[in-house]
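When the count follows this note's numbering, it moves up by one through the sequence shown with no breaks and lands on 212 for the last residue.
Don't take each hint at face value.
Listed below are the simulated DSSO-like cross-link pairs for lysine-lysine, each with C-alpha atoms no more than 27 Å apart in a straight line [claimed, not checked]:
#1 Lys43 / Lys31
#2 Lys73 / Lys31
#3 Lys43 / Lys169
#4 Lys195 / Lys169
#5 Lys5 / Lys37
Per label pair, the in silico range of CB-to-CB distance [stated by the list, open to error]:
#6 Ala111 / Gly52: 19 to 25 Å
#7 Thr49 / Ser90: 33 to 39 Å
#8 Val202 / Ser33: 18 to 24 Å
#9 Lys56 / Gln187: 36 to 42 Å
#10 Lys37 / Glu115: 36 to 42 Å
#11 Glu77 / Cys183: 35 to 41 Å
#12 Ser78 / Gln187: 30 to 36 Å
#13 Gly52 / Ser78: 30 to 36 Å
Note that these hints are calculated values from the structure, not bench results. Keep in mind that this is a model prediction, so the values were computed, not measured. Backbone N, C-alpha and C define an ideal beta-carbon position, used for all residues, glycine too.
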Amino acid sequence: MSFGKLFGFEAFIAKANNLDIELAVTQPRTKNSEYLKLNHLAKIPTFITRDGVVIKEAIAIAFYLASQLNKEKWLGESIEEQTFILQWMSYANSEISPPIADWYRPLVGKAPYDEEKIKNNRIATLRAVKLLEQHLGSRLYLVAERLTLADIFMASLICRGFENVFDAKWRLEHPATTRWFNCVIQQPVWKDTIKKTPICEVSVDNAGKARL
């Protein structure tokens, strides 16, 4: 019997690949009536435990799954570490992921092209990542002297930036963030789930539009 059923993309189980989880690939904002009964907002991911308990929101699901595997100490070794892990997961979810998505999606035809909005989200992304760069300038990982859930969660969201808009020039200007990201994606927990992590050399554009 599986540990539970995860609705979402395969990337979401990078932090739980040692658990027997059934994956139901689900697109955001799906109109599937059965899924809407589980998540009325049609957001992903959603997780159903083997006992039928429904858990929503990425941070809650990641925290629940990681708690089953804390032999790796992904949740920290103290309440202080655990608090900072949650802090960085929240920052990734609210300050990093949204502007990155709204920056690159119009450039690859996944959202309406609005040059002003793209510019604003580019600025918001760079502002959010600046704090990350400063934080990582003096440490290897986000919270502890080892990999934690904060690193895996942050990398799973910021990877879209590296794939689409964090080009070679950007990476030279953000050495700490780039070094940290390259370190995380080389970890077995990541590589066992995501075989190849794309990293762009040139920022994407949309049908020949000048890149930002």
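Hint check:
no.: 1; hint: Lys43 / Lys31; in the structure: holds, 11 Å
no.: 2; hint: Lys73 / Lys31; in the structure: violated, 38 Å
no.: 3; hint: Lys43 / Lys169; in the structure: violated, 34 Å
no.: 4; hint: Lys195 / Lys169; in the structure: holds, 25 Å
no.: 5; hint: Lys5 / Lys37; in the structure: holds, 15 Å
no.: 6; hint: Ala111 / Gly52: 19 to 25 Å; in the structure: violated, 36 Å
no.: 7; hint: Thr49 / Ser90: 33 to 39 Å; in the structure: violated, 23 Å
no.: 8; hint: Val202 / Ser33: 18 to 24 Å; in the structure: violated, 42 Å
no.: 9; hint: Lys56 / Gln187: 36 to 42 Å; in the structure: violated, 27 Å
no.: 10; hint: Lys37 / Glu115: 36 to 42 Å; in the structure: holds, 40 Å
no.: 11; hint: Glu77 / Cys183: 35 to 41 Å; in the structure: violated, 20 Å
no.: 12; hint: Ser78 / Gln187: 30 to 36 Å; in the structure: violated, 22 Å
no.: 13; hint: Gly52 / Ser78: 30 to 36 Å; in the structure: holds, 33 Å
The structure is inconsistent with the numbered hints 2, 3, 6, 7, 8, 9, 11, 12, although it conforms to all the rest.
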